[in-house]
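The listed protein sequences derive, respectively, from chains A and B.
Going by our numbering, the first residue of the first sequence is number 1, and it counts up by one from there.
Going by our numbering, the first residue of the second sequence is number 1, and it counts up by one from there.
Derived from the structure by calculation, the hints contain no laboratory data.
Careful, some of the hints might be misleading.
[What the hints assert, rightly or not] Restraint ranges, calculated between C-beta atoms of paired labels, are given here:
1) B:I345 x A:L134: 14 to 22 Å
2) B:G311 x A:T242: 23 to 31 Å
3) B:E261 x A:G204: 46 to 54 Å
[Claimed, not checked] Covered stretches of chain A (in silico footprint by chain B; criterion: 3 or more residues with CB under 8 Å from a CB of chain B, positions within the stretch not fixed):
4) 43-57
5) 267-280
All C-beta atoms in this analysis are idealised placements derived from N, C-alpha and C, irrespective of residue type, glycine included.
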Amino acid sequence: MVAKGFIMKKEIFEKILIYGILLLWTFICLFPIYWTATTSFKTAASVTQGLLIPWLDFEPAWKGWKNLGLSPDTIFTESNPREEFLARFFNTAFISSTASGLAVIMGSFAAYGLSRFNYKFGFMRNPDISFFFLSQLILPPVVLALPVLVLYRELDLLDTHIGMILIYTLTVLPIVIWIMRDQFNAVPIELEEAALVDGATVWGGFFKIVFPIVLPGLASAFILCLILCWNEYFLAALITSTDAKTMPVMVASQISSQSIKWWNMAAISLALCFPLIVAAIFLERYIVKGMAAGAIKG
Amino acid sequence: MERDPLYVVSPSYISPKTKRFGKILVWSSFFLMSIIGLIQILYNLEKINFGFNNWRPLLYSYILWAIAIGYSRVLIYGERGKRNLFIFPAVMFIISIVIFPMLFGLYISFTDWNLSSLDGRKFNGLDNFYQMMSDPYYWNSLKNMIYYILAVLVEFAIAFLLALLLNSQIKGRKFFRVVFLIPLMLSPVAVSWMVGKSMLEQRFGPVANFARWLGWETPTFFSSPEIARLTMMCMDAWTFIPLMIIMLLAGLQALPKEVLEAAKVDGANKWTMFKNIIFPIMLPVSLTTLVIRIIFKLKLADIIIIVTAGGPGGATDSVTSFIVREYRDRSNVGYGTLLSFVYLILIIIFMTILIRFVNRWLQRAS
Numbered sequence: 001m002v003a004k005g006f007i008m009k010k011e012i013f014e015k016i017l018i019y020g021i022l023l024l025w026t027f028i029c030l031f032p033i034y035w036t037a038t039t040s041f042k043t044a045a046s047v048t049q050g051l052l053i054p055w056l057d058f059e060p061a062w063k064g065w066k067n068l069g070l071s072p073d074t075i076f077t078e079s080n081p082r083e084e085f086l087a088r089f090f091n092t093a094f095i096s097s098t099a100s101g102l103a104v105i106m107g108s109f110a111a112y113g114l115s116r117f118n119y120k121f122g123f124m125r126n127p128d129i130s131f132f133f134l135s136q137l138i139l140p141p142v143v144l145a146l147p148v149l150v151l152y153r154e155l156d157l158l159d160t161h162i163g164m165i166l167i168y169t170l171t172v173l174p175i176v177i178w179i180m181r182d183q184f185n186a187v188p189i190e191l192e193e194a195a196l197v198d199g200a201t202v203w204g205g206f207f208k209i210v211f212p213i214v215l216p217g218l219a220s221a222f223i224l225c226l227i228l229c230w231n232e233y234f235l236a237a238l239i240t241s242t243d244a245k246t247m248p249v250m251v252a253s254q255i256s257s258q259s260i261k262w263w264n265m266a267a268i269s270l271a272l273c274f275p276l277i278v279a280a281i282f283l284e285r286y287i288v289k290g291m292a293a294g295a296i297k298g
Numbered sequence: 001m002e003r004d005p006l007y008v009v010s011p012s013y014i015s016p017k018t019k020r021f022g023k024i025l026v027w028s029s030f031f032l033m034s035i036i037g038l039i040q041i042l043y044n045l046e047k048i049n050f051g052f053n054n055w056r057p058l059l060y061s062y063i064l065w066a067i068a069i070g071y072s073r074v075l076i077y078g079e080r081g082k083r084n085l086f087i088f089p090a091v092m093f094i095i096s097i098v099i100f101p102m103l104f105g106l107y108i109s110f111t112d113w114n115l116s117s118l119d120g121r122k123f124n125g126l127d128n129f130y131q132m133m134s135d136p137y138y139w140n141s142l143k144n145m146i147y148y149i150l151a152v153l154v155e156f157a158i159a160f161l162l163a164l165l166l167n168s169q170i171k172g173r174k175f176f177r178v179v180f181l182i183p184l185m186l187s188p189v190a191v192s193w194m195v196g197k198s199m200l201e202q203r204f205g206p207v208a209n210f211a212r213w214l215g216w217e218t219p220t221f222f223s224s225p226e227i228a229r230l231t232m233m234c235m236d237a238w239t240f241i242p243l244m245i246i247m248l249l250a251g252l253q254a255l256p257k258e259v260l261e262a263a264k265v266d267g268a269n270k271w272t273m274f275k276n277i278i279f280p281i282m283l284p285v286s287l288t289t290l291v292i293r294i295i296f297k298l299k300l301a302d303i304i305i306i307v308t309a310g311g312p313g314g315a316t317d318s319v320t321s322f323i324v325r326e327y328r329d330r331s332n333v334g335y336g337t338l339l340s341f342v343y344l345i346l347i348i349i350f351m352t353i354l355i356r357f358v359n360r361w362l363q364r365a366s
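Bound conformation, chain A alone (with noise of 0.2 Å):
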C-alpha cells in the first residue's frame, strides 16, 4: 500500500513536470506575438509603462491599426498606408506562390525521374545528379547575391517580379527535389508499367498514376516552400527597391525609420505574420509531414 501510494505520488510528480516544462515552452512560444498584438493597440503612455493586459492596465485603442488604415474607423476611407501595405502583400503573395509553384513542378520532374529512370550525362549518373540537385541546400545565398545583382542589372531584371521569382525558385527547388523523391519511392513502380502495358506514354502515367498518388506530399512541399519565399528577407533587400518590393523589405524599413511608433511596428509585423500563424494552425499536418520527410529517411 505504501509502495503504491509512493508510485502513485511519483506519477504524479512526473505528470506536473512534463506538463509544466511543456506549458513554459507554449508561454515562451506565445508571448511575444501576445505582447504585439497588445502593443499595437496601445498608445504612447501605455508603451512606455511596459503595460501587458488590456483592459484591466490599460484601454486599448485602434492606434497602430489606425495608421495602417485598417482599424474599424478607417477601413472605408481612403488610406495610403494601407494601399502599400496592400501593394507590398500581393507583391509578397505573387511572388512567393509563383516561384513556390514553379519550384514543385521542376522539382517534382526531377525527382520522378531520377526515381524511376538511369540517366548518364558524361560522368553524372543517378547519385551524383541527386548530389548535384541538394548540394544546391548547402549554397549560402550571399554566395549568389552580389553577382545575381549584377547580372539583373545588366538584364534589367532589378526590381522586377520575374526577377524575384527566379532566384527565389532556385533557393526552394532543392527542397523540393529533397522531399519529392522520398514521395516517389514509396510508390510502387508497378502501377505505371500497368499503364505503359496498357499504352500509356511516360508522362501519360507519371500525370495520371502517380501524380494523384503523391498530391499530398506535393502540396505539403508546396506550402513549405511558400513559407521559406514569403519570410525570405536577405535576397529581396538586394534586389528590390520600389515595384517588386516584398512585405519583409517594407517592415525592415520601417523599423529603421519608425521604430519609436511602437503601435504601428507591432501592427505591421503582426500583419506580416498573420497569415502564415493561420497557415500553421490549419495546415500543420502537411507542413510537419514536409519538413518530417527528409527526418526519417536521411
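On the provided structure of chain A, position chain B as indicated by the hints.
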C-alpha cells in the same frame, strides 16, 4: 547501361528527317542567340551604333535555345529523350541561375568594382585576397560563426527534450504541436522587431522588466559583446527549435514499439531506456537534424542585419551580415564577392568533413 527501374519498351525507329529537323532547331536557335549576343557586345563597345538597351533580348533567346534543346531531345532520341525531359528543366534552371552567376562571380571577385562609381570594373588580381587576409572583421565574423554553430548543440538538447515530452502520454498533443510550430512560421524580420526591438527594449520591454525583477539592475542585451551574441543565439534558437522538434518527433514516432515494450517489461527505468535504446536508435535522425540545422545556421543573417547590424564592434556579425554591410558601406562588389566565395569554400570543406564524420559514426553504431 543497366535497366531502368521503370522499364519502357520504346519504338526504336526515328526517321533521319526528324533527327535532322531536331538538330537544325538547336543550331538555329543557338545561332540566333550568338547573333544577339554579338550585336550587344559590339554595341556596348561602341563599334556599331544599333543595339538593345540591355541584355534582356539575349536572355529571351537563351530561353528559346533551352526550349529548343529540350524539344530536340525528344525528336532525336525518341522515348529516351522524353525520359530526359523529366530532369532537363531543373538541371537547366540550376545551371543558368547558379553555375553561370558563379563563374561570373569568380571573375568579379578578382576585380575592384565599385557599383556607384562610373569607372566600372578594374582587374586587380589578388589584391582583394590580400585585403581579406588582413581584414580583422572578416576573421571575426568567421569566429562568430563557430560560436553560432556550437549553439546548435544546446538547441538540439532543448528540442530533443521537448520532442520526448510531446511523444509521451499527454493530453492535448495536437494543441502543443501547433503552438510549438508557430515560431518557425514567423518572418525573421517580424521576429527582429517583436523580440529584438520591442521585448528586449531596455527601458520598458517585458524581458527587461522581468530581468530587473530577477535582480539584474541594468539589463542591456546588446551592449556587451558576449551578451549581445548570446541574445542573438537565443533569438535564432527560438525560431528554429520548432524545426528540430518536428524532425526529432517524426523519428521518435517511427521507433519500433516492440523494442520499447520489451525494455519496459525487463524493468528498465526511463533514463536507462533513453540512454541505451532511444538515443542509439535515434542517432541517424539526430544527426540528420543537426546537419540540416547547421545548414540553416550557416545562412544566418536577417535578424543580425536588422537588430544589431553586427554590433557592438562586430561581436554579433555572421559572415553574411558582414558581407552585406561591407557592400552597403562601400558598394564594392568585387571584394564582397571574394569574401563570399572564400566562405563557400570553407563551408564545402566543413560540410564534407562533417558528413564524412557523421557517416563513419553511423557505420560504427550499426
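Structure-based check of each hint:
1. In this structure the hint that I345 (chain B) and L134 (chain A) lie 14 to 22 Å apart at CB holds, the actual value being about 19 Å.
2. In this structure the supplied range 23 to 31 Å holds for G311 (chain B) paired with T242 (chain A), their Cβ-Cβ distance being about 29 Å.
3. With their beta carbons about 47 Å apart, E261 (chain B) and G204 (chain A) fall inside the hinted range of 46 to 54 Å.
4. Counting residues of the segment 43-57 of chain A whose beta carbon lies closer than 8 Å to any beta carbon of chain B gives 5, which reaches the threshold of three, so the coverage claim holds.
5. Using a Cβ-Cβ cut-off of 8 Å, 8 residues of the segment 267-280 of chain A lie near chain B, which meets the minimum of three, so the contact claim holds.
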